[in-house]
Amino acid sequence: MPHASIQSRSNPPLRVGIVGAGVVGLACAVELLGRGDEVEIFERGDTAGAKACSWWAGGMLAPWCEGESAEEPVVRLGQEAAAWWERHVEGVVRKGTLVVAPSRDRAELRRFASRTSHLVEIEAEAIAALEPDLAGRFGKALFFESEGHLDPRLALAGLAAKVVALGGRIHYGREVAPEDVAADAVLDCRGLAAREALPDLRGVKGEMLLLRTRDVTLSRPIRLLHPRIPLYIVPRADGIFMVGATMIEGGDRSAVTARSMLELLGGAYALHPAFGEAQIVEIGVDARPAFPDNLPRLTRRGRVIHVNGFYRHGFLLSPAMARLAADALLDPASIPERLHDVAA
Amino acid sequence: MASFYGFEPKSRLFLGTAQYPSPAILAEAVKASGVEIVTVSLRREAGEGGAGQAFWSLIRDLGVRVLPNTAGCHGVKEAVTTAQMAREVFGTNWIKLEVIGEDDTLQPDVVGLIEAARILTNDGFEVFPYTTEDLVVGGRLLDAGCEVLMPWGAPIGSGRGLNNVYGLRSMRAHFPGIPLVVDAGIGLPSHAAQAMELGYDAILLNTAVAKAGDPVRMAQAFAQAIEAGRDAFEAQPIEARDMAAPSTPVMGKAFLS
Numbered sequence: 001m002p003h004a005s006i007q008s009r010s011n012p013p014l015r016v017g018i019v020g021a022g023v024v025g026l027a028c029a030v031e032l033l034g035r036g037d038e039v040e041i042f043e044r045g046d047t048a049g050a051k052a053c054s055w056w057a058g059g060m061l062a063p064w065c066e067g068e069s070a071e072e073p074v075v076r077l078g079q080e081a082a083a084w085w086e087r088h089v090e091g092v093v094r095k096g097t098l099v100v101a102p103s104r105d106r107a108e109l110r111r112f113a114s115r116t117s118h119l120v121e122i123e124a125e126a127i128a129a130l131e132p133d134l135a136g137r138f139g140k141a142l143f144f145e146s147e148g149h150l151d152p153r154l155a156l157a158g159l160a161a162k163v164v165a166l167g168g169r170i171h172y173g174r175e176v177a178p179e180d181v182a183a184d185a186v187l188d189c190r191g192l193a194a195r196e197a198l199p200d201l202r203g204v205k206g207e208m209l210l211l212r213t214r215d216v217t218l219s220r221p222i223r224l225l226h227p228r229i230p231l232y233i234v235p236r237a238d239g240i241f242m243v244g245a246t247m248i249e250g251g252d253r254s255a256v257t258a259r260s261m262l263e264l265l266g267g268a269y270a271l272h273p274a275f276g277e278a279q280i281v282e283i284g285v286d287a288r289p290a291f292p293d294n295l296p297r298l299t300r301r302g303r304v305i306h307v308n309g310f311y312r313h314g315f316l317l318s319p320a321m322a323r324l325a326a327d328a329l330l331d332p333a334s335i336p337e338r339l340h341d342v343a344a
Numbered sequence: 001m002a003s004f005y006g007f008e009p010k011s012r013l014f015l016g017t018a019q020y021p022s023p024a025i026l027a028e029a030v031k032a033s034g035v036e037i038v039t040v041s042l043r044r045e046a047g048e049g050g051a052g053q054a055f056w057s058l059i060r061d062l063g064v065r066v067l068p069n070t071a072g073c074h075g076v077k078e079a080v081t082t083a084q085m086a087r088e089v090f091g092t093n094w095i096k097l098e099v100i101g102e103d104d105t106l107q108p109d110v111v112g113l114i115e116a117a118r119i120l121t122n123d124g125f126e127v128f129p130y131t132t133e134d135l136v137v138g139g140r141l142l143d144a145g146c147e148v149l150m151p152w153g154a155p156i157g158s159g160r161g162l163n164n165v166y167g168l169r170s171m172r173a174h175f176p177g178i179p180l181v182v183d184a185g186i187g188l189p190s191h192a193a194q195a196m197e198l199g200y201d202a203i204l205l206n207t208a209v210a211k212a213g214d215p216v217r218m219a220q221a222f223a224q225a226i227e228a229g230r231d232a233f234e235a236q237p238i239e240a241r242d243m244a245a246p247s248t249p250v251m252g253k254a255f256l257s
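Taken in order, these protein sequences are the chains called A and B.
Mind the numbering: the first sequence is residues 1 to 344 in the working numbering, read in order.
Mind the numbering: the second sequence is residues 1 to 257 in the working numbering, read in order.
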């Protein structure tokens with residue numbers, strides 16, 4: 001069913017309850033409000049996203065880079081993310097992604113390039129032109145020109161403001177069960193908290209840290225390939241850099257391990273020694289909700305639709321999944337069996 | 001068929017479970033290749049309780065034997081503790097023992113390995129030691145109670161194949177009755193076939209399948225190569241020689257000129 005015909009529908013507006021104000025719940029709310037529905041969000045935390053794993057996200061809008069390890073739907077559906085975010089929040093940066101590797105791990109760079117598309121291979125001079133602070137540090141890099149990034153916390157706040165501006169309501173400090181929400185339909189966007197309703201949902205632990213330094217300036221996310229500790233560094237405002245992220249099977253969210261911290265700091269230091277003098281501003285740990293195929297899924301039970309399993313692609317795939325969820329509210333038969341079959 | 005502590009798998013491919021694009025693809029790779037033994041890293045993959053159980057139950061649903069490993073352990077005590085935790089979590093006496101001695105090559109600390117193997121076998125474990133092709137070390141590991149040896153082909157994850165064919169061939173000749181598994185360094189099915197042609201009993205690998213563009217097809221390719229290599233070994237290949245040997249005999253040929 002074509003997307004446009006649904007947007008210009010003649011149906012009466014629906015009253016939709018959404019449980020969870022992480023990136024998925026907020027994206028769904030904005031999508032539904034844009035289609036003329038009434039939306040009420042119930043969030044257990046005190047602010048948008050603060051209790052969600054999207055709070056700790058990298059905020060990379062990098063569908064082509066993700067193609068290195070993710071399945072095809074992530075690459076395809078992720079391509080609509082940057083434009084969607086630009087439409088709804090401030091601060092989306094479209095300066096691409098730079099992928100580098102230490103010279104002895106050049107094979108990793110070749111492998112990455114062979115698994116991905118929409119990149120150019122560049123050499124020292126071009127690297128220096130893009131990121132002057134990395135001049136002389138890497139002989140070769142992959143440049144994914146069309147990718148972007150955002151600051152997740154600002155984006156979550158921006159989206160929450162947009163929900164309110166569009167007439168939606170957000171109730172903070174309200175932990176409710178989806179089936180108890182009084183509405184025509186309910187979107188359950190609770191992430192890992194919905195595990196009891198979704199038995200094959202699991203948590204994949206992720207650890208990250210925020211560093212502050214004025215000694216390095218980067219304009220875009222840098223991915224450092226390393227056979228053991230691949231990592232990325234995303235620049236944010238005020239000299240803040242997000243360094244992430246581990247991926248460990250097991251949902252323990254209680255603490256960051258010393259080893260993970262060692263690896264993240266070691267990687268940052270390998271990218272630029274000035275990170276050795278950076279301040280550690282914040283250490284984050286959470287678990288990403290994932291299904292066995294690591295792809296998000298819509299699951300319908302009566303008037304509740306679970307929107308879950310975003311794994312490491314919350315900001316990248318919530319625009320596409322919000323669109324599919326909104327379609328599903330009108331026509332449950334539109335819920336795709338597999339994301340592979342969904343047109344972008 | 002080779003026996004690994006009494007278990008005789010039909011498949012001679014042992015598969016690691018890390019680094020796949022998703023658990024679903026791991027499961028498909030295991031099914032498609034007929035693998036019967038998978039290794040699982042306790043440190044990085046299994047949590048105790050909570051959502052960590054979810055990954056473990058995905059592994060359990062594969063219906064294959066689990067060989068927990070001590071991947072990433074750098075000392076005897078650390079490896080022994082990890083093995084004991086693995087026994088509780090996975091309910092098996094099997095342990096793939098890794099004691100890493102050097103971070104760049106991830107080569108085994110063979111001195112620590114022998115000590116840890118002794119401690120663990122005394123504690124009732126059935127140890128699969130990740131070792132080098134050193135014959136003396138191999139002998140010491142058997143003395144320590146190991147009934148399987150797993151020499152490396154090349155450094156873990158390097159995909160270089162068999163770095164020391166001579167050493168691996170000597171090892172096969174030196175330990176004729178001992179199940180030998182080439183563990184680590186395999187990049188291509190041809191590497192695995194080569195090890196099987198040398199008479200090795202099985203191949204343990206992870207990265208070459210998990211990081212392939214299509215892990216499921218690569219797992220199948222390895223399964224086929226390993227079977228072909230084993231058949232070749234059992235069929236007793238010819239010896240290489242320096243000069244040509246005509247396949248059509250010249251002697252006794254009629255002169256038609």
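It is possible that part of the hints are untrue.
To be verified - Some chain B residues near chain A, calculated using beta-carbon distances under 10 Å:
1. 19
2. 34
3. 56
4. 58
5. 233
6. 236
7. 240
Unchecked claim - Selected chain A positions facing chain B (Cβ under 8 Å, derived; list incomplete):
8. 69
9. 110
10. 116
11. 125
12. 202
13. 249
The hints are simulated quantities; they were obtained by calculation from the structure and are not laboratory data.
The C-beta atom is built at its ideal place from N, Cα and C for all residues, glycine as well.
Checked hints:
1. The beta carbon of residue 19 of chain B is positioned within 10 Å of a beta carbon in chain A (closest approach about 8 Å), and the interface hint is therefore held.
2. Because the beta carbon of residue 34 of chain B sits about 20 Å from the nearest beta carbon in chain A, more than 10 Å, this interface hint is broken.
3. The interface hint given for residue 56 of chain B holds, since its Cβ lies 8 Å from the closest Cβ of chain A, which is under the 10 Å cut-off.
4. Interface hint at residue 58 of chain B: satisfied, since its Cβ lies 6 Å from the closest Cβ of chain A, which is below the 10 Å cut-off.
5. Given the 10 Å rule on beta carbons, the hint for residue 233 of chain B is violated: about 31 Å separates it from the nearest Cβ of chain A.
6. Given the 10 Å rule on beta carbons, the hint for residue 236 of chain B is violated: about 37 Å separates it from the nearest Cβ of chain A.
7. Given hint, residue 240 of chain B at the interface with chain A, is violated; its Cβ is 31 Å from that chain's nearest Cβ, farther than 10 Å.
8. Hint status for residue 69 of chain A relative to chain B: holds, with the closest Cβ pair at about 5 Å, below 8 Å.
9. Here the hint on residue 110 of chain A is broken, as its CB sits about 12 Å from the closest CB of chain B, past 8 Å.
10. Taking 8 Å as the C-beta cut-off, the interface hint given for residue 116 of chain A is violated, the closest approach to chain B being about 11 Å.
11. For residue 125 of chain A, the shortest C-beta to C-beta distance to chain B is roughly 30 Å, which exceeds 8 Å, and the interface hint is violated.
12. Because the closest C-beta pair between residue 202 of chain A and chain B is about 3 Å apart, less than 8 Å, the hint holds.
13. Hint status for residue 249 of chain A relative to chain B: holds, with the closest Cβ pair at about 4 Å, below 8 Å.
Going down the numbered hints, you'll see the structure goes against 2, 5, 6, 7, 9, 10, 11, while the others check out.
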